[in-house]
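K.L.:
Residues per chain are reported as follows:
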Amino acid sequence: MDSEPFPSRQQLFDALDPRRLFLLILPTEQCNFRCTYCYEDFSSGKMRPEVVQGIKRLVDRRVDDVSCMQVSWFGGEPLIAKDIVFDVSEHVARRCAEKGIEHVPGSMTTNGYFLAPAVMERLCAANQRQFQVSVDGLGAVHDRTRHLVSGKGTFDRLWGNLTALRRTDLEFRINLRVHFGACDPSETQALCREVDRVFGGDPRFSVYLKCIENYGGANAGRITPLAPEEARKASEHYATLMPGLVVTNMYQKGLREICYAAHPNNLMIRADGRVGKCALSLGDPRNTIGRLDPDGRLHIDNDRLQPWMAGFAQLDEEVLVCPMQGVGRTPLPEREAVPVTFRRPRPPSSPP
Amino acid sequence: MAAKGRKPESGGKSKAKGPDTSKVKLDDAGRFKSNEGELSDETLDKISGGTIFKLGDACKRPKPPPKPLQVCCPSVNLCKPK
Numbered sequence: 001m002d003s004e005p006f007p008s009r010q011q012l013f014d015a016l017d018p019r020r021l022f023l024l025i026l027p028t029e030q031c032n033f034r035c036t037y038c039y040e041d042f043s044s045g046k047m048r049p050e051v052v053q054g055i056k057r058l059v060d061r062r063v064d065d066v067s068c069m070q071v072s073w074f075g076g077e078p079l080i081a082k083d084i085v086f087d088v089s090e091h092v093a094r095r096c097a098e099k100g101i102e103h104v105p106g107s108m109t110t111n112g113y114f115l116a117p118a119v120m121e122r123l124c125a126a127n128q129r130q131f132q133v134s135v136d137g138l139g140a141v142h143d144r145t146r147h148l149v150s151g152k153g154t155f156d157r158l159w160g161n162l163t164a165l166r167r168t169d170l171e172f173r174i175n176l177r178v179h180f181g182a183c184d185p186s187e188t189q190a191l192c193r194e195v196d197r198v199f200g201g202d203p204r205f206s207v208y209l210k211c212i213e214n215y216g217g218a219n220a221g222r223i224t225p226l227a228p229e230e231a232r233k234a235s236e237h238y239a240t241l242m243p244g245l246v247v248t249n250m251y252q253k254g255l256r257e258i259c260y261a262a263h264p265n266n267l268m269i270r271a272d273g274r275v276g277k278c279a280l281s282l283g284d285p286r287n288t289i290g291r292l293d294p295d296g297r298l299h300i301d302n303d304r305l306q307p308w309m310a311g312f313a314q315l316d317e318e319v320l321v322c323p324m325q326g327v328g329r330t331p332l333p334e335r336e337a338v339p340v341t342f343r344r345p346r347p348p349s350s351p352p
Numbered sequence: 353m354a355a356k357g358r359k360p361e362s363g364g365k366s367k368a369k370g371p372d373t374s375k376v377k378l379d380d381a382g383r384f385k386s387n388e389g390e391l392s393d394e395t396l397d398k399i400s401g402g403t404i405f406k407l408g409d410a411c412k413r414p415k416p417p418p419k420p421l422q423v424c425c426p427s428v429n430l431c432k433p434k
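Residue numbers (the numbering used here), protein chains in the order written: chain A, 1 to 352; chain B, 353 to 434.
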């Protein structure tokens, strides 16, 4: 039964606690994959050293007034820039340890291509332990929708990494995001059974069932999502095929969260030093609320920040869960919030 | 068992249902104040049914510790697949 009110007091506290600092970092906005449903435009390249330095200085400036810190990673594919991930994560881990600050295990949304055991070992040592990795099917089914820029398949490498990680004793959590709706249901069933066979019984692995949706961007016209009721029923069915794993899906009411983008203690740092809120609406100018300087100083346009918190006053569930729904109703800005002073790196002609 | 959930609003007023974030301003280190009226403790106490937790006073914050940041919120269709 869903008796806990939304938002709960814990959720409100987490969202509005000024003694927390959560950073969501995009160390590169390039990706080695070209998924057929991706919405990103890969307009920015790898984070420049000035921005990396700015993040570390910002952390240094906050260690005396926060009780809790977390760094999470997004992209692009963050492990293309794993040197930055290691550098910043290790810096944060060190500073938290020195100051006795609670260091919440960091999370990463990654395609898993570079998530080999040696990489995982170093990430875990820096307390980066939570991962979301998507799988669309077995073998060629996965390769059809989640291929490299070159068109080459990615399943074998991904599956090899996941099974190798299964054999380690590292303390990580991998949430396998099992996509459905883009292939035949029998292919998704085969994937679910195999996921359960290989990873079932290992509490480090869990599954999140997700219907492929229309995420916008250049691929928007290519996607025909399932109707919500159909997707809900499919989720329930697929979950029964994985009895050895904790399986969640987007239709579970108990999973409602106040989106991180609504939290004033959560900032997204983009590869070019822009400061934003939401990792989805990267092309929307309302999603730039400031910039980070190399000395760790933030220049925040607080008028741009306000709409992201619009859901709190009336505890508007829809807007708290997705603040972009409120922000999207505000007018587009006529000028750039705070000019970006960093020279934006030119995207490489062919990502690694 | 004590009833859970928020107490109904008295007097039919719809204002101040949740915390007032209208004065929250981040400084050049991303700090913001929450205990000087912008996000009043009273408001949050009311929301939380009287449980003591004061913003800005992390020692009293309730357990368990915060969950990891969920980048792709499962409640929304717009979740980024990676």
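Be aware that a few hints might be false.
In silico DSS-like pairs for lysine-lysine, Cα to Cα no more than 27 Å straight-line [unchecked claim]:
hint	chain 1	residue 1	chain 2	residue 2
1	A	K82	A	K99
2	B	K375	B	K385
3	A	K99	A	K56
4	A	K56	B	K377
5	B	K385	A	K56
6	A	K82	B	K377
7	A	K152	A	K82
8	A	K152	B	K385
9	A	K82	A	K56
None of these hints come from the bench; they were simulated from the model.
K.L.:
To test your reading of the hints: which numbers does this structure violate?
P.N.:
When the structure is compared with the hints, numbers 6 and 8 turn out to be violated.
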